[in-house]
Structure formats: structure tokens, C-alpha cells
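Asks: Residues per chain are reported as follows:
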Amino acid sequence: MPQTIAKKDHLLSYLLIIVLMGLLGLWIKGIDIETGRQQAGVIIFSLGLVMLSAYVLAQIVNFFNLPLLTGYIFAGIIAGPYITGFLTAEMVDQLRLIDDLALSFIALMAGGELRLALIARQGKSIFLSILFVTALVIGLVVLCVIFMGHYFNMTSGFNFISLVIFAILIGVICVARSPSSAIAVIKECEAKGPFTGMILAVTIVTDVLIIIVFTIAMSLSKILIKGGSVIQLTEMSGLMFEILASLIIGVVLGQVISFYMERIRRDFLLFLLFLAFAVARLSIGFNHVMEIQYDISLHLEPLLICMSAGFFVQNFSRFGSSFLESLEKMSLPIYALFFSIAGASLNFDSLIHCWPLAVIIVVARMAGLFGGSWLAGVISHDPPVFNRNAWMTYVTQAGVSIGLAQIAARKFPEIGIYLNTVVLAIIAINQIVGPIIFKMALNNVGESGRQ
Amino acid sequence: MKIFFAFLLVIFLVFSGYHLSFRKLRIPLFARKFYLTGLEFLFLGLLLGPQFLNILDLKTCEALEPVTALLLGWIGMLFGFQFEFSKLRRFPRVFFLAGLLESLLTWVVVFGGIYFILPFILQISEHMRIVISMVLASAAACTAQTGLAMFSTRKSGNNQSIIRFLRYLSSIDGLVAMLALMPVFVFFPRNTEIAASRFLFGYDIFIGIVIFAALLILYNLFLIYRREQSELALIIIGMVVFISGFSSVMNFSPLLSNFFVGVCMVNMTSEKEKIFTTLVSIEKPVYLLLLIFLGSSWHLQSFWVLAVAAGYFVIRFAGKMIGGFSISLLGAKMKAYPPGLGLGLIGQGGLPLAILYDFQQGFQSETASIVVGIALISIGYCDIACPTLVGRLLKKGE
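One line per chain: the protein sequences are A and B, in this order.
Position one of the first sequence corresponds to residue 1286 (my numbering), numbered consecutively onward.
Position one of the second sequence corresponds to residue 25 (my numbering), numbered consecutively onward.
Since the hints were made in silico from the structure, they are not lab data.
Please read all numbers here as calculations on a predicted model, not as lab measurements.
Certain hints may be false.
Stated by the list, open to error - Reference excerpt, derived from the structure (chain A facing chain B, CB under 7 Å, subset only):
hint	residue
1	Phe1330
2	Asp1552
3	Pro1618
What the hints assert, rightly or not - Derived coverage of chain A by chain B (criterion: at least 3 residues anywhere in the stretch with Cβ under 8 Å from a Cβ of chain B; other residues may be distant):
hint	stretch
4	1315 to 1327
5	1663 to 1676
As the list claims (entries may be wrong) - Here are the simulated DSS-like pairs of lysine-lysine, each with C-alpha atoms no more than 27 Å apart in a straight line:
hint	chain 1	residue 1	chain 2	residue 2
6	B	Lys83	A	Lys1314
7	B	Lys296	B	Lys111
8	B	Lys357	B	Lys308
9	A	Lys1614	B	Lys298
10	B	Lys308	B	Lys83
11	B	Lys298	B	Lys111
12	A	Lys1614	B	Lys308
13	B	Lys111	B	Lys359
14	B	Lys359	B	Lys419
15	B	Lys419	B	Lys111
16	B	Lys296	A	Lys1614
17	A	Lys1477	A	Lys1614
Where a beta carbon is used, it is the ideal one built from N, C-alpha and C, also for glycine.
Produce the complete structure using the sequences and hints provided.
Replies: Quick look at the structure:
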């Protein structure tokens, strides 16, 4: 009973905070913005508002046993362009660099959470999970879109070839996950154990493999449109180089981090901030130079670089645990910032425009996730409770999917806009539902609170 | 010339890296002092900025504006947290008065000096002449504690009490600087139309007080219940960014508004120790980042700025000497300290950097960049001269 009263008091204080911040926000919105400094001030103010309201909303949704992540995302949605407009689309765009910095930190953390021993122990489960989930998700989504595509306004005008290409690309994009969401929910639930290790490994490795699968899908689509019979080797070798280069840079970065922790130690967070900034900035610069100067579409992946750096420090140095401890000190502000901006970026125009198709694809995807993970678990003799719940942890989707959809949209402009719209709508649903069922899965398996 | 500078910077940074890696390296006293203040990060900023590598270009700096606002606000709040009334009362009142007097006199001397010589150096409006004089005087009024910290373990007897007193003065004199900075943003903001309207400032003051009260209530609502350290970090970062944004929209200073909120919070909340621990935990990275941002916009167009910076240094030196001397006139208790106390107050420290950056952000123009560049060089002079001057003062006291 006293706990209920305490919760009610907490809730009241949170509601007061929301009201007060809302009033201050409305007042700021009423001011005429005349100078550049004021313009920058509005963005800074909105960022502060979103961070604080993300914290408050996360506490509120936590009363209902929902993950904090859901609160952060809801705060972003409410502050974003579709509801209150405190964060406009332009502001979200301007905050991209800060967003990238936060993502680099999260990727370092995700890599640091991967233990080599665990991967070796559960290698079979992990491998089969990736294989079956990828195959079933692509298969079910492709079939679903091809057979039901003609019932929807958006796709009814496509000829058969375009519909197949559309289906293949959507199917592949549906395989992508969100390692950042996974790591945030795992950290919040303080989950640890074989199930947690396996799903994290599957999520991270899938995020690397999806780039390869996507490139193959793009080549297939080109063949379908232009004819021909072979997948272009130059594209595949370029892609392999891109992944390899990112992994090698990550390893070097991991070495640098280990050296720093061994010899210097002080101002470690500042050092990591530098690294994250350098990786984000230099990757963009490198990709730009390769594209403009040499017409080579090589893309270093900051996410992959940071993940492999974190993985290296965790598994090949003495500083794995102190490295993670340092990162965790700043994890809460970083999660609140990153996921609230992610919430503000969710595209509800797309969802309104094509929700029936998006819902059907989401359902097909979930069926694929369930079927694939269940089958893999049964073959690997994993505990039944793992097999029943694993799919729930694979639902979240974010940045990588958007990136892939944008690349596909550029290559196939005739279906590009539709592809983008449907992918954004799917992500909006998955990113709202995903963290909630993720937390449920960890609770069901009994690995929450074990750290 | 550019390549030459770049080469020098690279050598310099390699040396800095070496110093960071091998801390037992014996380096001369002036260089040790230099590293202690972290001025090498100013050069790192210069290297990363548009003049050399262009990694911190204008667009990147714009994208990182929330970070810079956070830095300024963080420093403001941290400084505000030093003014806990119950702790200040533990010292004799005359100490407090001495700190204020020394700082005020320095401010007046530097303001007068800069206001007089500015027209000979820069062609600027009367509005900017007043603003620049006030900003440079405020920056000059502050004293660094770091320089004094180097001596505190080595000296004994009378010198120990002198160092303690100097450290007390250096923690107080920033108050005058902050209060004197306020009129810059209230009466002389960048937008002259706003400046004109602010002369009817009754309404503005009323609005300001209401908003300030609302922000304090908001902060206290967050702290009604006990929070974990990580939650507290999020709340502090969020509030600092929130308040900084609010200030920028209102054409006010993020540094000052967070300072005032900090002063109120340290005297109001029971969570002050935890908040202070959080603020202090990243104090050094915050200062170092500020140095990098300042360095990235540093203008080193010609060598004349070195001479002008020397002029600013001399005026500040005179101000500190007058301020230090005036303390000995405050009564019998102050007779125990040497009249040349000003020699111990030459190190300028981190708060002036924040003041300069705040000014640069609030009055973005080439003039502001040049002025800040000059002031940065002068801070360098001060930090290099400080150990020798403090040593001389203490030698006299022996």
C-alpha cells in the first residue's frame, strides 16, 4: 500500500513536470525568432525539453511495466513534427551529428557486450537462427507482397516485375534489426544469460550480414529489370572490402582504446567522445571522397567500426569490464537522447498513407521471425522457453532499415518513393511494439535482473 | 606559412601525447604549468578548426551547438554551486569583502584601460566598445586556482596562510565577473532593436523573474525524490541544456542563467552533494572541450595580436596589483598579508574561457573572434607568468 501511495506521488510530480515544461515550451513557441542565436536556442531548448520529457515519460510508462525505451520513443513522437512540433523535421536533421555520436557510443557498448566464449558455446544456435530467420522472413514477406500487392492502392499499379522487385527489397529490409534498441532494453532489464547472449549475437551479426544480403538482392533486382544472368562481382568485392575495412578499422580502434586504458586512463569519456566523433566524421568524409573523387560507392560503416572496437576491447584486452563500466555511466542520457530523436524521426505520414499494407508486412515478418527462431531452437535443442520467446526480441527496427530503403530508392526511382514510405511505416510500428515485447521476452525467459 | 604552422602544431601535439602517456617526464616548470591548465587543447582546437584540418568546420560547429551550450551551462552551474551561503559564512566577512574589492578594482582598471585603447586597435561602434570592454574586464577579474594549487603542498608557515587566502580570493572574485557580465546581455545584446526595447525593461524583468522561478520549481520537482547517480546525470544534462536553450532564445547568456540557477539550487536542494559530484566528475573534460571549441575559432592572422595581448596582460596585471594592494588597507586582519598580493592572482583559469566563449556565441562577428583570440593569448601569458610571480610573492613572505 505505501508503495502505491509513493507511486501515485511520483506520478503526480511527473505530471506537474510535464505541465510546467509544456507551458514553458508553448511560451517559447510564441516568441518571434529573429536572430541565428535565437534559432540555435530553440533547437537547444527543444533538445533539453525532449531529454527531460523522455526521462519523465519513461518513468511513467515504467509504472505500467513497459520498457523505458518506449517512454523515450513516445517523448520523441509527442515532441516531434506530428504532434506538438517542438522538434521539427529540420531540427531533427540538424541534430544528426549528435545522434551519430550517441549511436557510436551505443555501438561501442553493443560490441562490448558480445562475449567470444558465449558465441563459441552457442555458435550452432546463433548460426541456425540467423539462417532460418533470414530465409523465412524474406520468403514470407516476398510471398505476402506478391500475392496481396494488387489489393492495395499503392502497389496495384505496379507491373509484375516491379512488384517482385518491390517485394524482394522489402523482404530483405525486413530482416534488419536494431542493435541499439536491443542493447538498451537488455541494459534496462539488467538481463544476463545464454538467451540474452544469443539474441544479442544474432541481432548484431544479422545487422552485418544484412548488408551483404541486401547487395545481392539489389543485383538480382537489376537483373530482373535489365536482363542478364550474373551478379556483378565488382559490387560484391567492393562490399566485402567495405565490411572488412570497417572491421579492421574497428580492431585498430579497439587497440587504441586498450592502449589508452592501460597507459593513460584519465579523461576516458572525453577520449571516447573524440573517438566517436572522429569515426562518425571521418567515415562520412571518406565515403564522400570515394564517391566524388573516384566514383566508388564504398561506405565505411561507423556502426560496424564501433561495434568491432567494443568487441575487441571486451574479448582481446584486460579492460573489458572497466570499459563497459565507463560507458554505462553515461548510458542513460545517451539512450534518452538517441531514442527520443529516433521517436521524433518516425514517419507517421507514411503510416497513415499505407498502414494496411504495413500491418500485413509486419505480421508476415513476425511470423517469419517466430518460425525461423523456433525452428533453429528446436534443431539446436535449446530450451523450449527460448524457442517460444526469441522472435519477440528481433522485432525492433531502426536506422539500418531506413538507410537500406534510401539506397534502394535511389537505385530504383520508379518504386523508390513507395518503398521508402512502406519501410518507414513498418519501422514506426516495429519500433513502438518491439521494445515492449522485447522486455516481455526477457521476463518470460527469466534472465531479467541477473546482471 | 600554413604548412609551417601545421608542422609545428603536429610536433606540439605529439609532445602533448607523449606527456599524456609518460607522465613521469621531467619538463620545465613553465611547461608543466602550461600542461596543467590544458592550454595544449587550445592548439588542438586550432588544428582541428577551419584554419588547418577543417574537421571542426562551420557546419559541424553549428551541428554541435547543443554541446557547446551544455559546456557553457555546465561551467555556469558548477561555478554557481561554489556559493553555498552556509559554507561562505565559515570565513571572516572581511575575506569576502577583500575578494569582492580586489575583483571590482581589477574590473574597473581593465574596463577603463580597454575602453580607452580600443579605438586605436579596432574600428567599432560605441555599443561594441562598451561590450568588449565589459567582457574583457570580467574575464580579467577572475583568478585561477590551479596555479596556486602547485604551491600549496610545498610551502609552510606564513606562506601557507597566504596561499589559503589567495585560494579563497580566487574562488570569490569570479562573482564580480559574473555580475558585471550581466549588463552586457541585459542592456547591450547583439540585436540593437532588442537593446532599445530593453530600456523599457520593467516588463522584461518581470518576465525574467517568472521564468527563473518556473525553472527553479521545475528543477526542484525533478529532485523531490531520491535519484540514482545516472538519473541525476540525465536530469542535470537535460536541465542545463533546457536552461541554456531558453537563455539563447531570450538573448541572454547560458553561462549566467545556469550560474544563477546553480546558486539557488546549492542553497535549496538536499541533493546538492550528489549534484556537485556529478558536475565535478566531468569538469575537466568540459573545460578541455571548451578549449578545443575556442581554439577552433582562434584567429591568428598576424603577429600584432601578440603585442595587443601583451597590452591586455599589462593592464590586467596593473588591475590585480591595485586590487591586491587595496586589500591590505581593509583593516588590521589584512595587514598580515603582503601588499603585493596581486602577484599571486595573475593566473586566469577556466571561468574567463567560458566568459569569452559565451561572448563569442552571443555576439558572433569577426570583431568578437579577434577580441577572443587576443584574450586567449593573454591568458597564455598569464598562465606562463603565474608560477614565477607566485614564487616571487612567497619569497617575499618568507
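Asks: Given the hint that A/Lys1614 pairs with B/Lys298, does the C-alpha gap stay at or below 27 Å?
Replies: holds, 14 Å
Asks: For the stretch 1315 to 1327 of chain A, do at least 3 residues have a Cβ located nearer than 8 Å to some Cβ of chain B?
Replies: holds (count 10)
Asks: Would the pair B/Lys419 and B/Lys111 pass a check requiring their Cα atoms to be no farther apart than 27 Å?
Replies: violated, 31 Å
Asks: Between B/Lys111 and B/Lys359, is the straight-line Cα distance small enough, at 27 Å or below?
Replies: With a Cα-Cα distance of about 25 Å, the restraint between B/Lys111 and B/Lys359 holds, given a limit of 27 Å.
Asks: Can the restraint linking B/Lys296 and A/Lys1614 be considered satisfied, given a maximum Cα separation of 27 Å?
Replies: holds, 19 Å
Asks: Was the hint right that A/Phe1330 lines chain B, CB cutoff 7 Å?
Replies: Cβ of A/Phe1330 sits 3 Å from chain B, so the hint holds.
Asks: Is the Cα-Cα distance between B/Lys296 and B/Lys111 27 Å or less?
Replies: holds, 13 Å
Asks: Measure nothing beyond the straight line between the CA atoms of B/Lys357 and B/Lys308; if it is 27 Å or shorter, mark the hint as holding.
Replies: This hinted pair is violated, its Cα atoms lying about 35 Å apart.
Asks: Mind checking the CB of A/Pro1618 against every CB in chain B and telling me if the closest is under 7 Å?
Replies: holds, 4 Å
Asks: Does A/Lys1314 sit within 27 Å of B/Lys83, going by the straight-line distance between their CA atoms?
Replies: holds, 25 Å
Asks: If you draw a straight line from the CA of B/Lys308 to the CA of B/Lys83, is it 27 Å or shorter?
Replies: holds, 26 Å
Asks: Hint check: B/Lys298 vs B/Lys111, CA-CA at most 27 Å. Holds or violated?
Replies: Roughly 17 Å separates the two Cα atoms, so the pair holds.
Checked against the numbered hints above, the structure breaks hints 5, 8 and 15 and satisfies the rest.
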